[in-house]
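S.K.: Line order of the protein sequences matches chains C and D. Just so we're aligned: the first sequence equals residues 1 to 134 in the numbering used here. Just so we're aligned: the second sequence equals residues 1 to 134 in the numbering used here.
The hints are simulated quantities; they were obtained by calculation from the structure and are not laboratory data. A hint or two may mislead.
It does not matter which identical chain is meant; a pair holds if it fits inside one copy or across any two.
[To be verified] Calculated pairs, EDC-like style, for lysine to aspartate or glutamate (alpha carbon to alpha carbon, straight line, at most 16 Å):
(1) Lys76 - Glu45
(2) Lys66 - Asp48
(3) Lys66 - Glu50
(4) Lys113 - Asp11
(5) Lys6 - Glu39
(6) Lys134 - Asp19
(7) Lys17 - Glu98
(8) Lys17 - Glu60
(9) Lys132 - Asp5
(10) Lys113 - Asp48
(11) Lys87 - Glu98
Only a predicted model underlies this, so the values are computations on that prediction, with no experimental measurement involved.
Number of protein chains: 2
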Amino acid sequence: MFEIDKNLKNDCIFIKKLDKSQLLLMNNSNFKWLVLVPEITNAVELTDLEFSEQIDILNEINIVAKILQNRFNPTKINIAALGNIVKQLHIHIIARFENDIAFPKPVWGFESKKYQPADAQYLIEEIKNDLKFK
Amino acid sequence: MFEIDKNLKNDCIFIKKLDKSQLLLMNNSNFKWLVLVPEITNAVELTDLEFSEQIDILNEINIVAKILQNRFNPTKINIAALGNIVKQLHIHIIARFENDIAFPKPVWGFESKKYQPADAQYLIEEIKNDLKFK
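Only chain C is shown next, with the shape it has when bound in the complex (with noise of 0.2 Å):
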């Protein structure tokens, strides 16, 4: 029975079960900053699954990543699965702008700071509404 990692449970709000993982929003408002967890038990490295698994996930990524491009015209997309301190392998799909708190840097060891609940819903809703089109 696949579970998610309990620090991306803390960190993350769940937004929607995908085909082959789930959608989280990384509870930071500093970022438009998704999360996606492959719903494959023990996976860490990408090499753990077998390369049609990681098509089924790349395909995810892809839809994740226009949702983000058509609702936010980002200056950038960043993907990446880096997992050093959470083994369970996530992969990060983040909306980057030039005015954002970071940029041009990464986003990882940047402040952060909580959505107010309301905002995050609202988020939340408009980003599965737009799954509901893919």
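With chain C's structure known, arrange chain D on it following the hints.
M.R.: Quick look at chain D alone, frame taken from chain C:
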């Protein structure tokens, strides 16, 4: 005619042309840090590529990640497409170790230390040798 971005040329050492991309060594001996540059003119975002092109690049990411895993037995592989500074689409594939100077933080922003030319050449020859068997 595809050409590697001048910043990447400046920061990296060419290793080998793969089927769909060029493989570079980041000239920073603090990390085992490779960079894969798809040979697709004007590509910036992953989503700029056809899905079939993305799958080809995913295959080469696997090849490179597995070489780092087999040769160096790292704690973790980090894979990232950021591109906030260098727009040309390029994918970082980095072998991370608990005792590297940045761990568990991402590598960006940490001190860079150029290879001694002979050390870089030795490492490049090792990786080229591993690529022969892929």
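S.K.: Compare the structure with each hint and give your call.
M.R.: Each hint, compared with the structure:
1. Taking the shortest alpha-carbon separations for Lys76 and Glu45, only the inter-copy value of 7 Å comes in at or below 16 Å, while the best intra-copy value is 25 Å.
2. In this assembly of identical chains, the alpha carbons of Lys66 and Asp48 lie at most 16 Å apart only when taken from different copies (10 Å versus 26 Å within one copy).
3. Within a single copy, Lys66 and Glu50 get their C-alpha atoms only as close as 24 Å, which misses the 16 Å cut-off; across copies the closest is 13 Å, which meets it.
4. In this assembly of identical chains, Lys113 and Asp11 lie within 16 Å of each other by CA distance solely inside one copy; the values are 11 Å within and 34 Å between copies.
5. Within a single copy, Lys6 and Glu39 get their C-alpha atoms as close as 14 Å, which meets the 16 Å cut-off; across copies the closest is 40 Å, which misses it.
6. With identical chains, the CA atoms of Lys134 and Asp19 are at most 16 Å apart within one copy only, with a shortest distance of 11 Å there and 31 Å across copies.
7. Taking the shortest alpha-carbon separations for Lys17 and Glu98, neither the intra-copy value of 31 Å nor the inter-copy value of 33 Å comes in at or below 16 Å.
8. Only within a single protomer do Lys17 and Glu60 lie at most 16 Å apart by alpha-carbon distance; the minimum there is 11 Å, versus 29 Å between protomers.
9. Taking identical chains as interchangeable, the C-alpha atoms of Lys132 and Asp5 are never at most 16 Å apart, the minima being 26 Å within one chain and 38 Å between chains.
10. Taking the closest pair of Cα atoms, Lys113 and Asp48 never come within 16 Å of each other, the shortest separation being 33 Å inside a single copy and 31 Å across copies.
11. Only between protomers do Lys87 and Glu98 lie at most 16 Å apart by alpha-carbon distance; the minimum there is 13 Å, versus 30 Å within a single protomer.
Checked against the numbered hints above, the structure violates hints 7, 9, 10; every other hint is satisfied.
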